[in-house]
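The listed protein sequences derive, respectively, from chains X and L.
Mind the numbering: the first sequence is residues 62 to 574 in our numbering, read in order.
Mind the numbering: the second sequence is residues 62 to 574 in our numbering, read in order.
It cannot be assumed that every hint is accurate.
The list treats identical chains as interchangeable, and a pair is accepted whether it falls inside one copy or across any two copies.
SDA-like cross-link-like pairs, simulated, lysine to any residue; straight-line CA separation at most 25 Å [what the hints assert, rightly or not]:
(1) Lys175 x Leu121
(2) Lys175 x Leu187
(3) Lys196 x Ala496
(4) Lys175 x Asp197
Bear in mind the hints are in silico, worked out from the structure with no lab data behind them.
Here the structure is a predicted model, which is why all the values come from computation and not from measurement.
Number of protein chains: 2
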Amino acid sequence: MSELLSNFVQGRWQAGSGAGAALFDPVLGTELARVDATGLDLPAAFAHARDTGGAALRALTYAQRAELLGKIAAVLQAKRDDYYAISTANSGTVKKDTAVDVDGGIYTLSTYAKMGATLGDRRHLLDGDAARLGKDPLFQSQHVLLPTRGLALFINAFNFPSWGLWEKAAPALLSGVPVVIKPGTATAWLTQRMVKDVVDAGLVPAGAISIVCGSSAGLMDQLQPFDVLSFTGSADTATLIRQHPAVAQRSVRVNIEADSINSALLLPEAGSEAVDLLVKEVAREMTVKSGQKCTAIRRVFVPEAQYAQVAEAISARLAKTTVGNPRNESVRMGSLVSRAQLNAVRAGLAQLKDLTQVLHDGAQHTLVDAEPAVACCVGPTLLGTRDADAAALVHDMEVFGPVATLLPYRSAEHAVQLVRRGQGSLVASVYGADAAALASTALELASSHGRVHVISPDVAALHTGHGNVMPQSLHGGPGRAGGGEELGGLKALNFYHRRAAVQASTTVLAKLN
Amino acid sequence: MSELLSNFVQGRWQAGSGAGAALFDPVLGTELARVDATGLDLPAAFAHARDTGGAALRALTYAQRAELLGKIAAVLQAKRDDYYAISTANSGTVKKDTAVDVDGGIYTLSTYAKMGATLGDRRHLLDGDAARLGKDPLFQSQHVLLPTRGLALFINAFNFPSWGLWEKAAPALLSGVPVVIKPGTATAWLTQRMVKDVVDAGLVPAGAISIVCGSSAGLMDQLQPFDVLSFTGSADTATLIRQHPAVAQRSVRVNIEADSINSALLLPEAGSEAVDLLVKEVAREMTVKSGQKCTAIRRVFVPEAQYAQVAEAISARLAKTTVGNPRNESVRMGSLVSRAQLNAVRAGLAQLKDLTQVLHDGAQHTLVDAEPAVACCVGPTLLGTRDADAAALVHDMEVFGPVATLLPYRSAEHAVQLVRRGQGSLVASVYGADAAALASTALELASSHGRVHVISPDVAALHTGHGNVMPQSLHGGPGRAGGGEELGGLKALNFYHRRAAVQASTTVLAKLN
Numbered sequence: 062m063s064e065l066l067s068n069f070v071q072g073r074w075q076a077g078s079g080a081g082a083a084l085f086d087p088v089l090g091t092e093l094a095r096v097d098a099t100g101l102d103l104p105a106a107f108a109h110a111r112d113t114g115g116a117a118l119r120a121l122t123y124a125q126r127a128e129l130l131g132k133i134a135a136v137l138q139a140k141r142d143d144y145y146a147i148s149t150a151n152s153g154t155v156k157k158d159t160a161v162d163v164d165g166g167i168y169t170l171s172t173y174a175k176m177g178a179t180l181g182d183r184r185h186l187l188d189g190d191a192a193r194l195g196k197d198p199l200f201q202s203q204h205v206l207l208p209t210r211g212l213a214l215f216i217n218a219f220n221f222p223s224w225g226l227w228e229k230a231a232p233a234l235l236s237g238v239p240v241v242i243k244p245g246t247a248t249a250w251l252t253q254r255m256v257k258d259v260v261d262a263g264l265v266p267a268g269a270i271s272i273v274c275g276s277s278a279g280l281m282d283q284l285q286p287f288d289v290l291s292f293t294g295s296a297d298t299a300t301l302i303r304q305h306p307a308v309a310q311r312s313v314r315v316n317i318e319a320d321s322i323n324s325a326l327l328l329p330e331a332g333s334e335a336v337d338l339l340v341k342e343v344a345r346e347m348t349v350k351s352g353q354k355c356t357a358i359r360r361v362f363v364p365e366a367q368y369a370q371v372a373e374a375i376s377a378r379l380a381k382t383t384v385g386n387p388r389n390e391s392v393r394m395g396s397l398v399s400r401a402q403l404n405a406v407r408a409g410l411a412q413l414k415d416l417t418q419v420l421h422d423g424a425q426h427t428l429v430d431a432e433p434a435v436a437c438c439v440g441p442t443l444l445g446t447r448d449a450d451a452a453a454l455v456h457d458m459e460v461f462g463p464v465a466t467l468l469p470y471r472s473a474e475h476a477v478q479l480v481r482r483g484q485g486s487l488v489a490s491v492y493g494a495d496a497a498a499l500a501s502t503a504l505e506l507a508s509s510h511g512r513v514h515v516i517s518p519d520v521a522a523l524h525t526g527h528g529n530v531m532p533q534s535l536h537g538g539p540g541r542a543g544g545g546e547e548l549g550g551l552k553a554l555n556f557y558h559r560r561a562a563v564q565a566s567t568t569v570l571a572k573l574n
Numbered sequence: 062m063s064e065l066l067s068n069f070v071q072g073r074w075q076a077g078s079g080a081g082a083a084l085f086d087p088v089l090g091t092e093l094a095r096v097d098a099t100g101l102d103l104p105a106a107f108a109h110a111r112d113t114g115g116a117a118l119r120a121l122t123y124a125q126r127a128e129l130l131g132k133i134a135a136v137l138q139a140k141r142d143d144y145y146a147i148s149t150a151n152s153g154t155v156k157k158d159t160a161v162d163v164d165g166g167i168y169t170l171s172t173y174a175k176m177g178a179t180l181g182d183r184r185h186l187l188d189g190d191a192a193r194l195g196k197d198p199l200f201q202s203q204h205v206l207l208p209t210r211g212l213a214l215f216i217n218a219f220n221f222p223s224w225g226l227w228e229k230a231a232p233a234l235l236s237g238v239p240v241v242i243k244p245g246t247a248t249a250w251l252t253q254r255m256v257k258d259v260v261d262a263g264l265v266p267a268g269a270i271s272i273v274c275g276s277s278a279g280l281m282d283q284l285q286p287f288d289v290l291s292f293t294g295s296a297d298t299a300t301l302i303r304q305h306p307a308v309a310q311r312s313v314r315v316n317i318e319a320d321s322i323n324s325a326l327l328l329p330e331a332g333s334e335a336v337d338l339l340v341k342e343v344a345r346e347m348t349v350k351s352g353q354k355c356t357a358i359r360r361v362f363v364p365e366a367q368y369a370q371v372a373e374a375i376s377a378r379l380a381k382t383t384v385g386n387p388r389n390e391s392v393r394m395g396s397l398v399s400r401a402q403l404n405a406v407r408a409g410l411a412q413l414k415d416l417t418q419v420l421h422d423g424a425q426h427t428l429v430d431a432e433p434a435v436a437c438c439v440g441p442t443l444l445g446t447r448d449a450d451a452a453a454l455v456h457d458m459e460v461f462g463p464v465a466t467l468l469p470y471r472s473a474e475h476a477v478q479l480v481r482r483g484q485g486s487l488v489a490s491v492y493g494a495d496a497a498a499l500a501s502t503a504l505e506l507a508s509s510h511g512r513v514h515v516i517s518p519d520v521a522a523l524h525t526g527h528g529n530v531m532p533q534s535l536h537g538g539p540g541r542a543g544g545g546e547e548l549g550g551l552k553a554l555n556f557y558h559r560r561a562a563v564q565a566s567t568t569v570l571a572k573l574n
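All chains, please: the whole structure from these sequences, using the hints.
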C-alpha cells in the first residue's frame, strides 16, 4: 500500500482512519499515495482555525502578513524541484506545464507580498473618503474594511494543486483570515506537500493554515456566518454548494468559479500578423496542461472567408505536438490527470463530433514512451462547423481537455452574439491590429467576461497569454462561469473583508486613520 | 369590491385575471384596493424589460440617466400629498413616519441624481488604474465596469413601499439596468401609484420600469444569468430564494437584506449627556414606524450599574407616546401595517416575556381614536433582563414592532461579545464622549455590522439617527442580516455592473477612456 498522506488540523498532523482514496501516476498507472479524512474532529478543527488562527493573523499588520507571504514563497522556491517531481508523477505534466502551476503559485504569492507591503502597519483599511451627511461637516460617514472574523474554506480543483491553493491563500492570509484547504483528490499530493513544507518551516501562526485531504463530506456543515467559501470545479457541484444550508441559511459568503466556454475572436480585416497570433495562441492554449485549464480557449471565431485558412494553420501546428510521457524530453504535451478525466474528454468529444467536422484528429497522434492502454494521454483535436448558430452544444458544453471548435461568423455583431452564447465566461481573447476596433470589441465583451485579453502585433512578444491568470487582473466570470471574482490585485482582499460605514463626528473619524 | 390595481409590464397596464388579494386600512379595517398578477405573460414581460428597457438605458450616458432620476424625483415631489394620504390609509403611519418612507425615497433619488451627474458623458466606468503585467509598460491590465445586460428584479418588503423602491431603483437605473418591482402586498398601493405617476409622466424609456403586484409566484423562474435580484424580507424567504435554480444554478447575482437584531451600546463611563442621547434615541427608534424598520434598535446594552437608571428613563419617554389613529394630531405612533403583523408581534412578545421582565408595558397605552378590536395598533414595550448571557432568544429573534430589550454588561469586552451574538446586523449605535473609545469600539463592531452609528454630545443635534438609512452609507449586514450591500454612495452601482479586466496594449487601453 502506498503512503497515506496526513491531514493538518488543530495544529497537528492526523491520519484518517479509513482505507483512503488512491492517487495515481496518470502516465504509468502506478499508485502514488492515498488520502483519507475519516474520523477527523471537524468541529474542533474549524474552531481552532477560526479562533486561534484568526486571532493570531488579525494581530499582525498587513505589512507583517505580507512579509509572511514572502517567506512562504521563499520556502516553496527552495523546494521547487520536489514539486516538479510530484507534478510530473501525479499530474503527468511536462516541465513548462508544471511551471504554470508551481511557479505560477509562487509568483502569485510574491506579488501579494509586494502589494501587501504597501498597505503598511495597520489592521484595518479605509474604503474611500469620508462623505458629509448634511450641510454641517462635523458629522460624516467613512467606510472601513475589517477582516472577517471567520475562516476561509477552499474546495479546490484537481488541475492546479499549487496555483489553485496559493492564488486563494495569498489574499486570504494577507487579509488576516485563516485558511482550510480541501484539494482536489486526484492531485492532492502536491498541495499536501507544499502545506507540509510551509508548516514544517514554522512560519505561520498556529491555526492559520489547515489541510483536509480526501472527501469533502461534512466540511460545509462546519461553516458559520462569518466564514467564507471559495469553490473551483463543476457547475453541478456549484449548485449543491449554493443550496447547502451554510450558504442558503447562514449567509456564508461564497465565491464560485465553474464551467467556462472561453472564446478567441479574430476581428474582421485583422491582417495577417493578427491571424498568425491567433493561430499560435489557439494551438498553445489547446495543448498547455493538455487543455485542463478553466481559462483554455474552447471556441475560435473567425470571419467566414478565413475559416479554411485558419483551420489549416491551427491543424498544422497541432500536428507537430508530440504527446506522451512527460519524462521524455521530446514530449510537448503530457497526459490528463486521471482515467476519469480521459473518459470524460472522450465522451465530450464524441458528443461534439456529432455536430462538427474533425479538422485535426487527436487520435492520429502516436504516444511517445507511453502505453495507450494505460496512459491517460489524448492528442489535441480541432473541430469545426460552418454553421456556428446551429451547433448549440458547442456553446454549452466544456470538454476539459485539448479540444477546441472553429466557428465562422458573418459580421462583427454576429461574432459578439456568438461569443455571448457562452452565457458568461472567464476570458475571451481578441486579435486584430486596429486599436479602436479592439477597444470597442473589448468593451462589448466585458460585461459577459471576467477578462478580455487583447492581442495585437505591437504586443506579440509581450502579452501574457490568453489562459494565464495574472494576479493583477480579475479572475472569474459571470453566469455559467459561476459569478465569482478572484485576484485583481488588492481587489481580492474584498472577499475576505467586511465593509461597514462608520457614521460619526469628524473627531471620532480622525481616530480611525 | 375595491379597485383592482393594474400591473405595468410589456409597456402597458394589465389587470390580473384572478380575484386578487385585498389591501386594508390597518386602523379602520376597511378594504382599500386589490392586487393580482394572475395570467400575466411573464416571459414576455421580462424579455421586454431586459431587451427593450436595457438597450434604451444603456444607450444613455450616466449623466443622462442621472438627469432622469432628477426628473423622477420632481414628479414624485409634485404628488407628495397623494402619497402621504395613501400611506396614512394603507400603512397607518403618522406624518413624520410617512416622511421617512416618502421623503426618504425622494431624497435618495435626488442624491443619486447628484452623484450620477459627476460620472459624466460615458457609458462604462474605469475601475482603478491600469497595472503593468511585466517590466515593459506597453502591455497592461485595466479593470472596467459595464452595466449588466439583464434586468433587476426587486422583491420588496411591506414596511417601505416608497423608500424600498427608490433606494434600489435609483442605483439600478443610474447603472443602465431596467427594473421589475414586486412590492410587498400589504402596502403595494403606494409603490404602484408612484410607478404609475412616473410612467404617466412619460419620462422613462419603454421597458425601463415594470411593476407586478400580488404574488411573486413564477417571477424568479424568469431570471437569466445576467439578471440580478434584490430581496428584502424574512430570513426564511431568503433561504428559499438562495436555493432557487435561478440563483443556485444560473448564478443570478442576489442581494439579500433579512432579519437583524440591531444594538445600541452605551460605553462605560460615557457621561450623563451620552446617557440622555441613548435614552432619546432608543425611545425614538422603538416608536418610529411602530418599530417596523429593519434598522430599529432591538437590544440596548448598558453598564450593569446603569441598568435601573436607563430602564426608568426609557420607560418614562415611552409612557408619553400616544398611540392610535394617525389622523388624530395628538397621536405620535400609528399602527402596524396589518393584522398578520400584529399577531406576529404579539406572539414574539409573548416568547420574549418568558425570559425577561416587562420594564414598560405597551398594553397600558389606551388607543386614541381607534377601536382596539379593529386597529392593528400596539403600544411600545421595553423588556429587560439582568442576565444578558442566558437570554438566548433576545439575541436570536427579531420582533418586528415597537419592542426592545435592555441588557446589562460587565465590561467593554463583554459588551462587544453580546452585541456579536446577533450574528451579523445592519446597524449598531454607540454612545459615549471619548473619541478614542468610540472609534475603537466602532472598529470592533464594524466586522459584524453594515453600519456603526456613533453618537457623541458634539453631534447631538447633527447626527442622522440610528435607524435612518443615508444613501451615502452602506446599508446591509453580514450573517443573519443577509450579507447584502446596498447604497453606500456610488458603491451601490457595483451590484448592477459587471467587472472585467482588459489586458491590452497601452495604445488599445487609451481608447477605453
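Structure-based check of each hint:
1. Lys175 x Leu121: Within one copy only: 16 Å inside a chain, 41 Å across chains, cut-off 25 Å.
2. Lys175 x Leu187: both (19 Å within a copy, 24 Å between copies)
3. Lys196 x Ala496: between (46 Å within a copy, 22 Å between copies)
4. Lys175 x Asp197: Intra 40 Å, inter 18 Å, cutoff 25 Å: inter-copy only.
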